[in-house]
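Colleague: Sequence:
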Amino acid sequence: ASGCTSLPSNEYYSAKEHKNGGSLTEVDSSVIAVKTYQGIKTAISTFVKEGREEAVLKVSDYEGDVQEAISKVCNEITDGTAIGAYAVERIIQSCTKTASYYQVTVKIIYKHTKEQIQGIVYLNNASAVQNALTGALLDHKDYLVISIASETINEQYVKDFVTQYYRGEPKSLIALPSVNTTVYAKPSNPRLLEIQITYPYTAEQEERMKTVLANRAAKILANAKSSSPAYSAMKACAGLISAANYSQPYGSPTAYGTIVEGIGNSEGYAMAYKLFCSMLGVKCTVVEGTLKGASHYWNIIEAEGYFYHVDPSACELSGINAAFLKSDIQMEGAFYQWDKTKYEECKGTLTYNDIQ
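Heads up: take any position in the sequence shown, counting from 1, add 5, and you land on my numbering.
Watch out, some of these pointers could steer you wrong.
With a straight-line cut-off of 27 Å between C-alpha atoms, the simulated BS3-like cross-links for lysine-lysine are [to be verified]:
#1 Lys164 <-> Lys352
#2 Lys230 <-> Lys297
#3 Lys191 <-> Lys176
#4 Lys224 <-> Lys297
#5 Lys176 <-> Lys164
#6 Lys46 <-> Lys164
#7 Lys352 <-> Lys297
#8 Lys164 <-> Lys112
#9 Lys116 <-> Lys102
#10 Lys40 <-> Lys63
#11 Lys164 <-> Lys224
#12 Lys215 <-> Lys191
#13 Lys54 <-> Lys176
#14 Lys191 <-> Lys46
#15 Lys116 <-> Lys176
#16 Lys102 <-> Lys191
#17 Lys119 <-> Lys63
#18 Lys230 <-> Lys215
#19 Lys164 <-> Lys288
#20 Lys102 <-> Lys176
#21 Lys112 <-> Lys63
#22 Lys146 <-> Lys112
#23 Lys164 <-> Lys40
#24 Lys164 <-> Lys191
#25 Lys40 <-> Lys112
#26 Lys146 <-> Lys46
#27 Lys288 <-> Lys191
Each pair of labels, with its calculated beta carbon distance range [claimed, not checked]:
#28 Gly324 <-> Lys288: 19 to 29 Å
#29 Ser105 <-> Lys164: 15 to 25 Å
#30 Ala227 <-> Thr187: 22 to 32 Å
#31 Thr187 <-> Ser231: 43 to 53 Å
If you are wondering where the hints come from, they were derived from the structure by calculation, not from laboratory data. The beta-carbon is built from N, C-alpha and C at its ideal position, and this holds for glycine as well.
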């Protein structure tokens, strides 16, 4: 040991190459190690989906021009993918060569917030899309972004589903929301649908109104429940007639306006009748069609194994017998028109007099 005193007092450094069996991310999660073109593209695509503003790539053993590959990938993501078209304003990259690898710094400037980008819902089928839209409506969400490959899921599909949900669930939505959908579509890539929903009322207002509507409807239907769906449907129609007044120009198009405020148009009557039938366990659908060429709404119900038309607003004007338990042929004879491919065929033989 005493022999060491003869060594110079300078600092001594020893260096050797570090053999790391894993990826660089085990040392520094902000740096991603890649070797192929697809690896570069996957990494930068992941940065975009995560909403990262800056990240570093370590490119080693790459066969080709790294700078050219990085530029090509950035252009492909920005201009050639739905996520890029939706999220990315531009990508700035710089490339530095070291002795054994290239270090690439990527800076991404976005069109949307990090929360919006990370909130994208990646789905596989129409059923999943419907579930996502239903959840958004129930939670009163006003913004939703969906990624899906199917070309049938488009602006009209989203609008039709929201309308269908509203028509089928009058207890869940007080009024029909408006929907604006922007589709980002690129060849061979999943489509991205940016969906903005505007509700006529706030979430707090809707909750209060739903409580008032449910209480009012329960009072009107206090003695309407029956083991016979047809009889329950008749009592629901009679209850609606007693609770509201019909006005096509000025009446409300909602169940709430018709039942609580007491005045509705044909759409409001059809929505109110749908609500009443649902509460009484009667299968009921809102029908959108025309009467003598003018837009008009009514209902189709199921009773005793058959389907029948019921127009509650016409029952208000001319008596229940005028438009209760009618067949397709009878409705056509009364100048009603509708898309028969969308609704059940009505050919039952029950009449209002039979129920009486």
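Colleague: A separate judgement is required for each hint: does it hold in the structure or not?
Modeller: Against the structure, the hints:
{"no.": "1", "hint": "Lys164 <-> Lys352", "in the structure": "31 Å, violated"}
{"no.": "2", "hint": "Lys230 <-> Lys297", "in the structure": "34 Å, violated"}
{"no.": "3", "hint": "Lys191 <-> Lys176", "in the structure": "39 Å, violated"}
{"no.": "4", "hint": "Lys224 <-> Lys297", "in the structure": "35 Å, violated"}
{"no.": "5", "hint": "Lys176 <-> Lys164", "in the structure": "19 Å, holds"}
{"no.": "6", "hint": "Lys46 <-> Lys164", "in the structure": "34 Å, violated"}
{"no.": "7", "hint": "Lys352 <-> Lys297", "in the structure": "22 Å, holds"}
{"no.": "8", "hint": "Lys164 <-> Lys112", "in the structure": "37 Å, violated"}
{"no.": "9", "hint": "Lys116 <-> Lys102", "in the structure": "31 Å, violated"}
{"no.": "10", "hint": "Lys40 <-> Lys63", "in the structure": "8 Å, holds"}
{"no.": "11", "hint": "Lys164 <-> Lys224", "in the structure": "34 Å, violated"}
{"no.": "12", "hint": "Lys215 <-> Lys191", "in the structure": "42 Å, violated"}
{"no.": "13", "hint": "Lys54 <-> Lys176", "in the structure": "37 Å, violated"}
{"no.": "14", "hint": "Lys191 <-> Lys46", "in the structure": "16 Å, holds"}
{"no.": "15", "hint": "Lys116 <-> Lys176", "in the structure": "37 Å, violated"}
{"no.": "16", "hint": "Lys102 <-> Lys191", "in the structure": "34 Å, violated"}
{"no.": "17", "hint": "Lys119 <-> Lys63", "in the structure": "24 Å, holds"}
{"no.": "18", "hint": "Lys230 <-> Lys215", "in the structure": "21 Å, holds"}
{"no.": "19", "hint": "Lys164 <-> Lys288", "in the structure": "24 Å, holds"}
{"no.": "20", "hint": "Lys102 <-> Lys176", "in the structure": "64 Å, violated"}
{"no.": "21", "hint": "Lys112 <-> Lys63", "in the structure": "15 Å, holds"}
{"no.": "22", "hint": "Lys146 <-> Lys112", "in the structure": "31 Å, violated"}
{"no.": "23", "hint": "Lys164 <-> Lys40", "in the structure": "45 Å, violated"}
{"no.": "24", "hint": "Lys164 <-> Lys191", "in the structure": "22 Å, holds"}
{"no.": "25", "hint": "Lys40 <-> Lys112", "in the structure": "20 Å, holds"}
{"no.": "26", "hint": "Lys146 <-> Lys46", "in the structure": "33 Å, violated"}
{"no.": "27", "hint": "Lys288 <-> Lys191", "in the structure": "42 Å, violated"}
{"no.": "28", "hint": "Gly324 <-> Lys288: 19 to 29 Å", "in the structure": "24 Å, holds"}
{"no.": "29", "hint": "Ser105 <-> Lys164: 15 to 25 Å", "in the structure": "56 Å, violated"}
{"no.": "30", "hint": "Ala227 <-> Thr187: 22 to 32 Å", "in the structure": "47 Å, violated"}
{"no.": "31", "hint": "Thr187 <-> Ser231: 43 to 53 Å", "in the structure": "49 Å, holds"}
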